[in-house]
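Colleague: Now for the letters of each chain:
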Amino acid sequence: MKDIRPAILMLIVFTIICGGIYPAVVTGFANSVFPKQAKGSLIVDKSNREIGSDLIGQPFSRPQYFWPRPSATTDFGYNPAGSGGSNAGPTNPDYLKTVMDRVKALRDTGVIGSVPADLVQASASGLDPDITPEAAMVQVPRIAGMRGMSEDALKKLVADHTEGRQFSILGAPRVNVLALNLKLDTVSR
Amino acid sequence: MSKHTAEPISIFDLRIMKPALTESIKKLDPRILWRNPVMFCVEIASVITLITFIMSLTGANREPAWFTGTVSIWLWLTVLFSTFAEALAEGRGKARAASLRKSRTDVTAKRLDKPEFGGNYTTVGASQLRKGDLILVEANDMIAGDGDVVAGAALVNESAVTGESAPVVRESGGDRSAVTGGTTVIANAIIVRITANPGETFLDRMIGLIEGAKRRKTPNEIALEVLLIALTLVFLLVCANISPLSIYSVKAAGQGTPVSLTILVALFVCLAPTTIAALLPAIGIAGMDRLFQKNVIALSGRAIEAAGDVNVLLLDKTGTITHGNREAVSFVPVGGHNEKELALAALSASLFDETPEGRSVVALAQQKYGLGMEKPLDAEVVEFSAETRLSGINIGASCFRKGASDSIVSFVTKLGCTAIPEDLRGLVDRIARAGATPLVVSRDCDILGVINLKDIVKAGIQERFLQLRSMGIKTVMITGDNPLTAAAIAAEAQVDDFLAQAKPEEKLRLIREYQEGGFMVAMTGDGTNDAPALAQADVAVAMNTGTQPAREAANIIDLDSNPTKLLDIVEVGKQILMTRGNLTTFSISNDVAKYFAIIPAMMLSIYPQLEVLNIMHLASPFSAILSAVIFNAIIIPMLVPLALKGTRFRPMPAEKLLIHNLLIYGVGGIIAPFVGIKAIDLMIGMVV
Amino acid sequence: MNAYDWLQTILLFVVLLALIKPLGSFMAKVYQGERTFMSPVLAPCENLIYRICGVKKDEEMGWQRYALAMLFFNLALFAALFTILMSQHLLPLNPQKLPAFSWQLALNTAISFTTNTNWQAYAGEQAASYFTQMAGLTVHNFVSAATGMAIAIALIRGFSRRKTSMLGNFWVDLTRSTLYILLPISLVAALVLVSQGVIQNFTPYKTVPLVQSTSYDKPKLDDKGSPLKDAKGNPVTENVIVKEVSIPMGPVASQEAIKELGTNGGGFFNANSAHPFENPTPLTNMLEILLILLIPGSLTYTFGIMVGNTRQGWAILGGMLLLLAVSFGVLQIVETNGNPLVAELGIRGVNMEGKEVRFGLAGSSLFAVATTGTSCGAVNTMHDSLTPLGGMIPLSLILLGEIVFGGVGSGLYTMLAFAIIAVFVSGLMIGRTPEYLGKKIEVREMWLSILTILTAGVVVLILSGIAMITPQAVSSMANPGAHGLSEVFYGFASMANNNGSAFAGLNANVNFYNILGSLAMTLGRYVPAIAVLTMAGSLAEKKYVPPSLGTLPTDKAPFAIWLTLVIIIVGALTFFPALSLGPIVEHLTMLGGK
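Residue numbers (my numbering), protein chains in the order written: chain A, 1 to 189; chain X, 1001 to 1688; chain V, 2001 to 2594.
Pulled out of the complex, with its shape left as it was, chain A reads as follows (with noise of 0.2 angstroms):
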């Protein structure tokens, strides 16, 4: 019994320490050294408004922007006010069925061969920013005949906007979409 006491006390001191010093350390410290990045990593447009963020995806569906990756977030695709993944199990038919309809309305653009599995799956956060630089690819033609852009200068355009494996090992080479966007939306109206 006589350890109550301290069960209260421990409890209010840790929450004090953890609760209140540590996350008020890590935020001062964070905004003073990486201001950009703790605030979100937002994008300013020239007018220093705040237009999105480097690392949450937007929603793309005209035919003259690179598509992202399938969403599930919460009422629309890329909501980042309700994160999250469709859930749908691998042998769900409705989830099937969904995915025959992207894969349908990609054919429709043009897409011949096989679609790239990210473009037609949705991802884990539903605001995943990157889709595969294969994803950037077979949109290139579509967005090419959309804008009266060469397909060349698309491709390098998806090159340039395509980042390496980081250290050169780690995750997996990548493209992202919003970026890659708001320069075509610069590059050609």
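Hints are computed from structural coordinates only; laboratory data are not their basis.
The model shown is predicted, which means the values in this text are computed figures rather than measured ones.
A portion of the hints provided could be inaccurate.
[Claimed, not checked] Each pair of labels, with its calculated beta carbon distance range:
hint, chain 1, residue 1, chain 2, residue 2, range
1, V, Leu2048, X, Leu1663, 54 to 64 angstroms
2, X, Gly1059, V, Thr2470, 26 to 36 angstroms
3, V, Val2041, A, Ser32, 15 to 25 angstroms
4, V, Ser2087, A, Phe167, 51 to 61 angstroms
5, V, Trp2103, A, Ser168, 48 to 58 angstroms
6, V, Leu2228, A, Ala144, 41 to 51 angstroms
7, X, Gly1059, V, Thr2237, 49 to 59 angstroms
8, A, Glu50, V, Pro2340, 56 to 66 angstroms
9, A, Ser168, V, Asp2222, 35 to 45 angstroms
10, V, Val2041, A, Lys36, 22 to 32 angstroms
11, V, Leu2228, A, Asp108, 32 to 42 angstroms
12, V, Lys2056, X, Asn1529, 50 to 60 angstroms
13, X, Arg1512, A, Ile21, 49 to 59 angstroms
14, V, Gln2032, X, Asn1529, 31 to 41 angstroms
[Stated by the list, open to error] To spell it out: a stretch of chain V is covered by chain X in this simulated footprint if at least three of its residues, at any positions, have a beta carbon under 8 angstroms from a beta carbon of chain X; those stretches are:
hint, stretch
15, 2046 to 2052
16, 2280 to 2293
17, 2335 to 2348
18, 2359 to 2371
19, 2477 to 2487
[What the hints assert, rightly or not] List of simulated lysine to any residue pairs, SDA-like, C-alpha gap at most 25 angstroms:
hint, chain 1, residue 1, chain 2, residue 2
20, V, Lys2097, V, Val2242
21, X, Lys1251, V, Phe2576
22, V, Lys2206, V, Leu2098
23, X, Lys1110, X, Asp1141
24, X, Lys1251, X, Asn1614
25, V, Lys2056, A, Met1
26, V, Lys2232, V, Ser2246
27, A, Lys183, V, Val2242
28, A, Lys36, V, Pro2209
29, A, Lys36, A, Ala24
30, A, Lys183, A, Arg147
31, V, Lys2243, A, Ser47
32, A, Lys183, V, Ser2246
33, V, Lys2163, X, Thr1218
34, V, Lys2243, A, Asp185
35, X, Lys1110, X, Ala1151
36, A, Lys104, V, Thr2214
37, A, Lys39, V, Thr2203
38, X, Lys1026, X, Asn1061
We put the CB at the ideal spot given by N, CA and C, even for glycine.
Since the structure of chain A is already known, use the hints to place chains X and V on it.
Modeller: Chains X and V only, in chain A's frame:
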């Protein structure tokens, strides 16, 4: 040893089989069976299948009656096989106990008031004797109860207890005062103070132990049972869990029927560790019985198991490691005398020496030099005394002496001789350093040489110690010898350590020290002064020839009074544990195959694709389930011989032994049921 | 599996193994009260805490008192978090004006974080305020982990001490775990995470315009807030154009670090470690995996040091690594092969449903096995969307009892309970009364070890059975058929084993799962914890039996392999039927093309 071992009765002998059969049916009584919780669960399962069978007959159950009926029969057989195994193991002991009992019916005793011969006695029944009563036992009387001889000496036939027909001397005082109830005095008379109340005597305890009636589960056995119960409980829940899972799956798949009660019960019995649970009691009983066949009585199962764990063995040098007496092995002359001269003098000095040492001198002289001598009638014998510390004879003018070096030197000096051979001292030292005893021999005032007396280490003892060492057991020799002698014998016998000039309190201290260090200590003893040490030791083996205190302090009694028995006891102890462990592993490994037989069979109507799991290609779901149930049942009687004989013990390092047993019982346990179930399935296919 | 996948996997394990020895010996020093390089700074803080709380640091506790102190503390933790969740709307640092939790959800969440489970039946960014995340959840992440570590240390002391009833002081072990181990590593890790893009701020959610607007059909609600339905019973919807979105903010990095390090796993956001703000780059991904495995792995070395034979620790670690490597291999292979039903549609590549591009397949698979092998439960991949056999891997790792590194502390003590069972059976097989680390294993230890390793399994079997015949439980499934069964089974496996990850399609925020889940988490945490402390007490009182040739060496490869086999056999025998009706049948269905 074999001549007086308890006659082993084959377990297939009808004398054992028949009563075992009736006994095994009696053991089905749930009030008895609940002591084996796993089999108790199987019995409940059997009752359930009996009910489903009746329901099948009346049409209240969709499954065919031949199926539920057959499952029920085999589940009942599973329980029966288990009780039969236990009854069989008890059978041999019971047969032996019955013959022991015969030896004590209608014994009467002559109760005395005072421990004096010739006093008045009253005749009372053995059952009326109480602790402290004095009884007179005369020739051809049976001793009515355990006790100590307080007066007299008698020749006692103990064959009823030991199986040994040669009578032994029991006398008051000393280490041979204990007598056992049920034995018979064949010559002379003794007065015995009773030390045990009726029902508590050695013979009573023995009968109880042999019958298995008083058998209590050992801690290890309980720990294993805990594991088995836990597994049984888990499998019970697994089977209970399958039911709702299958109900959901039927809805999800839109076809099939939920798994039936009969099949769930069958699966449960197959998964539960029935093989080991069925054989567990038999293993312990059979172990005790095996020891008994070696004429060793363990007063508790715990003691045998502890023997399996022993890592320090305290052995008396005399009688265990060496033949017990020093023997002359050579004559070494000094001062220019020749060997034969010395041998003759030694022979002369020993002619009337009836000690084993003296006789060995005579024997050696005869063997090596062909010397023989009639005992001269005119000889004057000089007996050994503590003051002179020498012995010998005077024949006419000649006097022959043998004795410790300094005694002989002072003896000849007194005779007026001053010429002590220069090489004597060195020789004596050398022999002593080698662990032997130098006896110096003189003729008149000449010192002729030295008899080399040695302890003879028993043949083959080194190998046994080597075996023990490879099992991780340390051997410690206990001797009253001086450290020098002890060290030399220890080296020759290859024991790991020795305690020289051991006194009772030092033995006790040594045992305590080892126990403090976490060792399990076993020791053998027979004398009253061994009793404290015996009581302290974890495994205490008393010789049956030993005193009552020694026997009471011990937890194992060796009827043959053969100290090397400890090694056999250790082996049986290990065998019991190993048999349990191996059969547990076997039993659990079996479940893999049973799953592959039953799971696809029970789910097939819901998910036909699960047929892939039917890797044994069993004919039909019913046949698959029956095959598993039948295999599960008949594996029990098939393993009974193994359970009774115990798995073979091989002295090898623990890791190797584990891998060896895992390959046989683990891997074998996985493969065997695949083969067995498939074979049964084929046979069912032929019948149906 | 391509070369890069191999390379980063090997790299991860090289770094992990390199860290185990230094961290393990550091922890041993901390728990044995020796001076470390941090003592000059932290020792005064430590003593100050003891003074404030009225703890005498040299006062040793027997197992009963140790257990009581642990329970009192955990009760206080639960009460505090429950109160915070129920009164969230009244508390500060709630810029989004989030409402209070329902009592069922608050109960479930408070128990979940107190028991180191971190099962989340809510979506972080939509339900929990900054205050809740910091003063509630972050604190629990620290101290629930420290509780696990303290229990493990008490058990180690049980093995290493002789003939005493004293196991150390719970308050001291708790304080040292937090102060010397969890806080410093979290601090460094949090800063590395921030440098890569993990956010750390207290600003309100940021509203940003979309480059391209989007739209969706929003169900119309009636006055009472329930969805309107038309004559045919279909929901009535209206099309809504979305031009801007709200990006959640918050003190993420500080929580992210301890969430992985303490094998807690409760995400700041609903998407957990898949969320770019929680896990923005491949480096953070690897760092997070490393953090998950770091303490459970190093504790094996601490164990080795404290029982006086580091090889004993390596043997345990070897068994864990073996299971981890096999699980990872299988997962990687089946996910590489992908889903044939999807491949049929003309799709190339590995199964990407529920995975993020940036991590790569190895980064996803490694995370999945690390988070389920330990009792972490953070996810960077949606396990619900793994291929059937792929999903069976995390499920199996959980069902084995969270011992493949396991939770901080809990992994080691559960593993030691398995070791006791393994030693017992193998001891019998070589003909000796079993002993482990010089302590004889007797009836009491058997009971307690069995309680430790089987409680979770028993809870899973009972509760999943009840669920399958409860309509509310079945209707929570997101996927039909065998996969739905897997979701429910995974849910209870996760809660009873204090993992916290989910086949997240399952809608767990219903009374059935909130309440039975609370029960599962409580039993799964405290029954083993108390059993372990009882066992520690009983072991400490035993004398030490020195090893001899007849003793089975428990510090060599054969024992490590035998231990692994025992774990697999116990797990397989217990769960084979359920797995065959879930993932296995789904796999066969998938191959059958239906």
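Colleague: Against this structure, judge whether each hint is valid.
Modeller: Okay, the hints, checked on the actual structure:
Taking 54 to 64 angstroms as the suggested C-beta distance range, the pair V/Leu2048 and X/Leu1663 conforms, at roughly 59 angstroms. Here the CB-CB span from X/Gly1059 to V/Thr2470 is close to 32 angstroms, well matched to the stated 26 to 36 angstroms. As the Cβ distance of V/Val2041 to A/Ser32 is approximately 21 angstroms, the hint placing it in 15 to 25 angstroms holds. The supplied range of 51 to 61 angstroms is broken by V/Ser2087 and A/Phe167, whose beta-carbon atoms lie about 46 angstroms from each other.
Hint check: V/Trp2103 to A/Ser168, Cβ distance near 52 angstroms, so the stated range 48 to 58 angstroms holds. At about 45 angstroms, the CB distance of V/Leu2228 to A/Ala144 agrees with the hint of 41 to 51 angstroms. In this structure, X/Gly1059 and V/Thr2237 meet the distance hint of 49 to 59 angstroms, their C-beta atoms being roughly 54 angstroms apart. At about 44 angstroms, the beta-carbon gap between A/Glu50 and V/Pro2340 misses the expected band of 56 to 66 angstroms.
Against the hinted window of 35 to 45 angstroms, the Cβ-Cβ separation of A/Ser168 and V/Asp2222 comes to about 58 angstroms, which falls outside the hint. Between V/Val2041 and A/Lys36 the beta carbon distance is about 30 angstroms. The supplied range of 22 to 32 angstroms therefore holds. At about 34 angstroms, the CB distance of V/Leu2228 to A/Asp108 agrees with the hint of 32 to 42 angstroms. For V/Lys2056 and X/Asn1529, the hinted distance range of 50 to 60 angstroms is satisfied, since their beta carbons lie about 52 angstroms from each other.
Separated by about 56 angstroms at the C-beta atoms, X/Arg1512 and A/Ile21 satisfy the suggested range of 49 to 59 angstroms. The given range of 31 to 41 angstroms is broken by V/Gln2032 and X/Asn1529, whose C-beta atoms sit roughly 47 angstroms from each other. Residues of the stretch 2046 to 2052 of chain V with a Cβ under 8 angstroms from some Cβ of chain X number 0, which does not satisfy the need for three, so the listed coverage is violated. Counting residues of the stretch 2280 to 2293 of chain V whose C-beta lies closer than 8 angstroms to any C-beta of chain X gives 0; at least three are required, and the coverage claim is violated.
Counting residues of the stretch 2335 to 2348 of chain V whose beta carbon lies closer than 8 angstroms to any beta carbon of chain X gives 0, which falls short of the minimum of three for the stated coverage. Against chain X, the stretch 2359 to 2371 of chain V contributes 0 residues with a C-beta closer than 8 angstroms to a partner C-beta. That does not satisfy the three-residue criterion, and the hint is violated. Counting residues of the stretch 2477 to 2487 of chain V whose beta-carbon sits less than 8 angstroms from any beta-carbon of chain X gives 5, enough to reach three: the coverage restraint holds. Proposed proximity of V/Lys2097 and V/Val2242 is supported: the alpha carbons are some 22 angstroms apart, at most 25 angstroms.
Using a Cα cut-off of 25 angstroms, the hinted pair X/Lys1251 and V/Phe2576 holds, with the two alpha carbons roughly 21 angstroms apart. For the suggested pair V/Lys2206 and V/Leu2098, the alpha carbons sit about 16 angstroms apart, so the restraint of at most 25 angstroms is met. For the proposed pair X/Lys1110 and X/Asp1141, the alpha carbon gap of about 10 angstroms is at most 25 angstroms, so the pair holds. Using a Cα cut-off of 25 angstroms, the hinted pair X/Lys1251 and X/Asn1614 holds, with the two alpha carbons roughly 23 angstroms apart.
With a C-alpha separation of about 15 angstroms, the suggested pairing of V/Lys2056 with A/Met1 holds against the 25 angstroms cut-off. A threshold of 25 angstroms between alpha carbons decides the hint, and for V/Lys2232 with V/Ser2246 the separation of about 35 angstroms lies outside it, so the pair is violated. This hinted pair checks out: A/Lys183 and V/Val2242 have alpha carbons roughly 22 angstroms apart, not beyond 25 angstroms. Distance check on the hinted pair: A/Lys36 and V/Pro2209 sit about 19 angstroms apart at the alpha-carbon level, within 25 angstroms; holds.
For the hint pairing A/Lys36 with A/Ala24, the CA-to-CA distance comes to about 17 angstroms; that is within 25 angstroms, so the pair holds. Note on A/Lys183 and A/Arg147: the hinted pairing holds, with a Cα-Cα distance of about 13 angstroms set against a maximum of 25 angstroms. Distance restraint check for V/Lys2243 and A/Ser47: the Cα-Cα separation of roughly 18 angstroms lies within the 25 angstroms cut-off, and the hinted pair is therefore satisfied. The suggested pairing of A/Lys183 with V/Ser2246 holds, with an alpha-carbon distance near 23 angstroms, which does not exceed 25 angstroms.
Taken as a hint, the V/Lys2163 and X/Thr1218 pair is honoured in the structure, with Cα atoms around 23 angstroms apart against an allowance of 25 angstroms. Taking the CA atoms of V/Lys2243 and A/Asp185, the gap is near 17 angstroms; set against the 25 angstroms cutoff, the hint holds. Proposed proximity of X/Lys1110 and X/Ala1151 is supported: the alpha carbons are some 15 angstroms apart, at most 25 angstroms. Proposed proximity of A/Lys104 and V/Thr2214 is supported: the alpha carbons are some 20 angstroms apart, at most 25 angstroms.
A C-alpha spacing of about 8 angstroms is found between A/Lys39 and V/Thr2203, which places the hinted pair at or below 25 angstroms, so the restraint holds. Of the supplied pair hints, the one linking X/Lys1026 and X/Asn1061 is violated, its CA atoms being roughly 31 angstroms apart against a limit of 25 angstroms.
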